[in-house]
Amino acid sequence: MDIDNSELDSLRIGDVYYPTKLTESFKKRVAYKTPDLSDQLSFIPGTISDIRVKTGDKVKEGDILMHLEAMKMKNRVLAPFDGIVGVINVKEGEIVPKNFLMVTVKKN
Amino acid sequence: MSLLSKTRELRKRMGEAAKGGGDKAIEKQVSMGKLTARERIIELLDAKSFYEYDLFVKHAAKDFDMDKKDLAGDGVIIGTGTINGHPICIYAQDFTVAGGSLGYMHARKITKIMDHAMKLKVPIIGINDSGGARIQEGVNSLAGYGEIFYRNTLASGVIPQISVILGPCAGGAVYSPALTDYVFVVDKISKMFITGPEVIKSVLGEEISMEALGGAKVHAETTGNAHFFSESEKDCFDSIKELFTYIPWNNTKKADAFPPKPPKTRTYKINNIFPSDPITPYDVRDIVRSISDDSKFFEIQGLWAANIVIGFARLNGETIGIVANQPLVLAGVLDVDSSDKAARFIRYCDAFNIPLLTIVDLPGYLPGVDQEHAGVIRHGAKLLYAYSEATVPKITLITRKAYGGGYIAMCSSHLKADFVFAWPTAEIAVMGPTGAANIIFRKEIAQADDPDAMREQKVEEYKQAYANPYVAAAYGYIDSVIELKETRKFILHALDISKSKSIVLPERKHGVPPF
Chain A
1 MDIDNSELDS LRIGDVYYPT KLTESFKKRV AYKTPDLSDQ LSFIPGTISD
51 IRVKTGDKVK EGDILMHLEA MKMKNRVLAP FDGIVGVINV KEGEIVPKNF
101 LMVTVKKN
Chain B
1 MSLLSKTREL RKRMGEAAKG GGDKAIEKQV SMGKLTARER IIELLDAKSF
51 YEYDLFVKHA AKDFDMDKKD LAGDGVIIGT GTINGHPICI YAQDFTVAGG
101 SLGYMHARKI TKIMDHAMKL KVPIIGINDS GGARIQEGVN SLAGYGEIFY
151 RNTLASGVIP QISVILGPCA GGAVYSPALT DYVFVVDKIS KMFITGPEVI
201 KSVLGEEISM EALGGAKVHA ETTGNAHFFS ESEKDCFDSI KELFTYIPWN
251 NTKKADAFPP KPPKTRTYKI NNIFPSDPIT PYDVRDIVRS ISDDSKFFEI
301 QGLWAANIVI GFARLNGETI GIVANQPLVL AGVLDVDSSD KAARFIRYCD
351 AFNIPLLTIV DLPGYLPGVD QEHAGVIRHG AKLLYAYSEA TVPKITLITR
401 KAYGGGYIAM CSSHLKADFV FAWPTAEIAV MGPTGAANII FRKEIAQADD
451 PDAMREQKVE EYKQAYANPY VAAAYGYIDS VIELKETRKF ILHALDISKS
501 KSIVLPERKH GVPPF
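If you read the sequences in order, they're chains A and B.
Position one of the first sequence corresponds to residue 1 (the working numbering), numbered consecutively onward.
Position one of the second sequence corresponds to residue 1 (the working numbering), numbered consecutively onward.
Misleading hints may appear alongside valid ones.
So the derived list for chain B, only partly shown, Cβ under 10 Å to chain A, looks like this [to be verified]:
hint	residue
1	E221
2	Y282
3	N307
4	P327
5	L362
6	G364
7	L366
8	Q371
9	T434
10	V459
11	E460
12	Y462
PhoX-like, lysine-lysine: derived pairs with alpha carbons at most 20 Å apart [said to hold, decoys possible]:
hint	chain 1	residue 1	chain 2	residue 2
13	B	K48	A	K72
14	B	K253	B	K119
15	B	K19	B	K62
16	B	K201	A	K74
17	B	K201	A	K98
18	B	K217	A	K27
19	B	K217	A	K28
Take a look, some chain A residues computed to stay more than 12 Å from chain B by CB distance [stated by the list, open to error]:
hint	residue
20	L22
21	D50
22	I64
23	R76
24	G86
25	V87
26	T104
For the record, the hints were derived by calculation from the structure and aren't laboratory data.
Heads up, the beta-carbon is just placed ideally off N, CA and C, and yes, glycines get one too.
For reference, chain B alone in the conformation it holds in the complex (with noise of 0.2 Å):
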């Protein structure tokens, strides 16, 4: 044979494997509104970037006739390639070739992609859309699952892993992307849970539709485990190459400087925006934009839990981490679901060596048997827990309220915040003025002649004397206050003046966190 038939062999058989699961197939996952697995990577990655392994890999599947049958790449498509011209490892899971139904040599070619990016310290993106186990392979692909599952825990931490979610992804399945930094799903088009609708009506006769049970907006309002939400496969390639402005590439690395620019002032005015009582309520987002460079701010989990805000911005090109109490919602508070949320993004700037800012104003913990009973002591702990145990710069700015429990969780100085900074408005104190005053004068109101105008009358006493920033300033807690307007100023150089902080916490193999 010679040389130019042997690559016109190649080229015959690279044709092949391309077309994944056959035209019909194909036809049909484009009548759902969803791009094929090869045109989604083309769709993410920088142009002519993506080069692809184990295009050849066949299954090894005997039983049930599995040997009469050829999967094209085994249904996953792997690969690495760049974004924003940085190095990334990346599968996408072809439902056109067997519904992406994971078997053993499927799960193979994403852990050989897994370790690739581990071993070159980049970032794994995944792409799932996949009907779930392979059942013909049995134990195997049970086999595949964990040896994921196994990967995705070695490498939290270490590179930044993202699961893209388009089209089912049931069962066990659903374990990788919950095991991953970010999960981004698309409206209509992504599906998750553990058990589906029809098994649940078999078992518990309740009925539900999958996208009422696990669709996209399911997840990114109610259960928090999608990340971010969009309308459309491309806004979601988007919104995943914007995230990767923001982040860096592994936990050695810091994430990329961009030019610095200021904020949009004249849009974003601090004093318009912020009401100086403290029940007013206002968007703390906003107020983030009128410290931020060019006034941005790319949210995180912006539909669920609203009551905290959590995203990252730039300061002076750099990327910092923002957690902030939303006195647009819920007043603000902590609750099961707000803790949970700011823990855990916490965590995930310490490891990425991402600084925090945390802005603070909230009225304490949300009261409720539901929330007691839901777990508010061990949830709320991981708040405590992660801000604790955070090595990154971290600063502090409080606005206004910060009463009790409250006060101590939003990364307060006992928690080792290094500067804490605190508006002329802020009101740090054990509780709110008006129950304070009800304990603290009980007996003067109770014996009053009048009750009602004696309680006014220590309530106002109590503000005028407590719900200030000045009582925390005295012992120190709070290292300077400070006007509205030299916010900026005073937490860039905050930012500028931590930046050689180390910190070496007790040796152990790992903390008990309350997870």
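So here's chain A without its partners, still in its complex pose (with noise of 0.2 Å):
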């Protein structure tokens, strides 16, 4: 019935810090980031294919930059915004799992 004070941890709600058990999942959360949309990352594990911009390239915002081929569907990676292509981190055919860097856009 006692509380054993080691397996506590500290949660912030409101101006209070509660000791208090965190739960696996609590501890699983990641922290949110702001998109960058000069990174375009892979928003589904899948297969990139038709690859039509290379380093350099000016691009208007809604071009098409490659597909992401991915649960039988051609997914389109738009071009952000107006801009130059940067790097490009991937070849036709590859396979890239989710949030991984694919291309990014430079803006004008």
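Grab the two chains, each in its own frame, and use the hints to assemble them into the complex.
Here it is in structure tokens:
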């Protein structure tokens, strides 16, 4: 019945720090980051196909950069804004996991 | 033919069918640490109470050479019997027969016993141990699943439905357990998932073992799909039998009453368990044990979303459903999972005439982008919906913190709790004292020569004036502020006086809850 203090962590709610146990899913949660649109990350694991640009190409917002095939769908990877293609980090036929940096676009 | 030879023939046929998939397949089943389907039924039910039906059912499939195959009982055993002397209907899939695969007649047997359970108004127990749809029977096996899901849905809230996962339960098959009241899993034996590791690997390139994807632990701790986790099949059957002591046989009955027993107050001294300051953690289950009969508490989903505690206890011999914030875990906050967990349990208790006791001590909702994006608004709303909708007797005990939205959600008098009690340590306020003082006295604090000292002073003033049960009591939102040692007495009286409670909700087909 006595509580083992060594098992307690601290959780802040409002202005108060509560000594308490944390759950596994709480410990595993990922801190939120504002997405940086110049880094195009794979939003699903899949296979790269049909790369249409190379480093240094000028692109307009909405231009197709490449395809990411997953779940029997060809997902278009689009230029997020007018800019210049930076690094292309993938090859056609490459299988990428989720959140893999595929291509970067620099804003004009 | 004489009667004797006819009887012999019957016995021979029964003996053959009862062998299931044959000695080799049974050996394999046993080597995996599993009982056979028939052994499971016998183990679970009262001794010599099981009667089997449809033993001689044969499948009618013709394609893919199925007409040449004979499958004993078509891979599932159905029947009736008793648990704790009460009648139940049961089916158990037999993995030794074609991997327990579900074909048309297999499903027909299951739906037949489900229909019986509904007609007889008795609980239905399903023991799942199946490789999934019988591919050779094509769309007929899909039809079978659909017929089962439909019956699960209609039986929901009418008769208790128990799912026991004692082997694989994959693909569409998982949705029958998900529609039932309680899912039991056993370590290293139960496996549940929609798409298995192989498909996940081939499509997404993610590698994961069956155990890590959908093993018993995963469903008991991470997904919340399972309600009871056991180390062995025998322990699992014991918990099923224990569960049945707390619940009624159908929605028109009350759970069995047991001889009243006082709590073991020497072990569970309420004053020793409970810290009076609002921050020190304690195990709220010990508070439950300090007031329940024989200090017993039968916890449900103890491993998942442990920041809220749900389960059954008895007070003066009668079952009560308990929902309690757990200060020991995540300070007892409400979040997506704890709201889901509590809301479903409240609806269960309401459907089966089980009064509710809510024990409140929470600092509020868990802050975070992940919570907001996971839909804490609609999940949190389930709790409000479930409490508001429930017409069984609702008793609330506020022990310490009841701040803000958390106060409203935890069966406040505004959601029509019948009785709200508070200990003198209760703090019922729009938010915690520090936060409130910072907002209300912002100017004074900013303009002070020593803002920190001023803040401290204002927080203290706010605490003195508002962090107590008396402001809420002054408006009648708290019915009684009670001493700790009087808790059981007050709750017993409240339950006693609520026996003939009757509320008529507006006429409607059904509500549209924030599922």
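A quick look at each hint next to the structure:
1. For E221 (chain B), the suggested interface contact is upheld, since its CB lies about 7 Å from the closest CB of chain A, less than 10 Å.
2. For Y282 (chain B), the suggested interface contact is upheld, since its CB lies about 7 Å from the closest CB of chain A, less than 10 Å.
3. The interface hint given for N307 (chain B) is met, as the beta carbon of that residue sits about 7 Å from the closest beta carbon of chain A, less than 10 Å.
4. With its C-beta approaching chain A no nearer than about 7 Å, P327 (chain B) sits inside the 10 Å limit, and its interface hint holds.
5. Restraint check, L362 (chain B) versus chain A: the minimum CB separation of about 9 Å is within 10 Å; hint holds.
6. Taking 10 Å as the C-beta cut-off, the interface hint given for G364 (chain B) holds, the closest approach to chain A being about 6 Å.
7. Taking 10 Å as the C-beta cut-off, the interface hint given for L366 (chain B) holds, the closest approach to chain A being about 8 Å.
8. At a threshold of 10 Å, the smallest CB-CB gap from Q371 (chain B) to chain A is about 9 Å, leaving the interface hint in force.
9. With its C-beta approaching chain A no nearer than about 4 Å, T434 (chain B) sits inside the 10 Å limit, and its interface hint holds.
10. Contact between V459 (chain B) and chain A, as hinted, is supported at the beta carbon level, the nearest pair being about 9 Å apart and thus within 10 Å.
11. Interface hint at E460 (chain B): violated, since its Cβ lies 14 Å from the closest Cβ of chain A, which is beyond the 10 Å cut-off.
12. Because the smallest distance between the Cβ of Y462 (chain B) and any Cβ of chain A comes to about 12 Å, over 10 Å, the interface hint for this residue is violated.
13. The hinted pair formed by K48 (chain B) and K72 (chain A) fails the criterion: a straight-line CA distance of about 54 Å is larger than 20 Å.
14. Between K253 (chain B) and K119 (chain B) the CA atoms are separated by roughly 15 Å; this keeps the pair inside 20 Å, and the hint holds.
15. A hinted pair counts as satisfied when its Cα atoms are at most 20 Å apart, and K19 (chain B) with K62 (chain B) does not qualify at roughly 24 Å.
16. In summary, the hint linking K201 (chain B) to K74 (chain A) is supported, as the alpha carbons are separated by about 19 Å, within the 20 Å threshold.
17. The suggested pairing of K201 (chain B) with K98 (chain A) holds, with an alpha-carbon distance near 13 Å, which does not exceed 20 Å.
18. Straight-line distance between C-alpha atoms of K217 (chain B) and K27 (chain A) comes to about 17 Å, which keeps the hinted pair within the 20 Å bound.
19. For the suggested pair K217 (chain B) and K28 (chain A), the alpha carbons sit about 17 Å apart, so the restraint of at most 20 Å is met.
20. Annotated as non-interface, L22 (chain A) brings its C-beta within 12 Å of a C-beta of chain B; the closest such distance is 6 Å.
21. Here D50 (chain A) stays apart from chain B, with its beta-carbon at least about 19 Å from theirs, past the 12 Å limit.
22. The beta carbon of I64 (chain A) is kept farther than 12 Å from every beta carbon of chain B, the shortest such distance being approximately 23 Å.
23. Separation of R76 (chain A) from chain B is adequate, the least Cβ-Cβ distance of about 19 Å exceeding the 12 Å criterion.
24. Consistency note on G86 (chain A): stated as away from chain B, and its beta-carbon is indeed over 12 Å from all of that chain's, at 26 Å minimum.
25. The claim that V87 (chain A) lies off the interface holds: its Cβ sits roughly 22 Å from the closest Cβ of chain B, which is beyond the 12 Å cut-off.
26. The beta carbon of T104 (chain A) sits about 23 Å from the closest Cβ of chain B, which is more than 12 Å, so the claim that it is off the interface holds.
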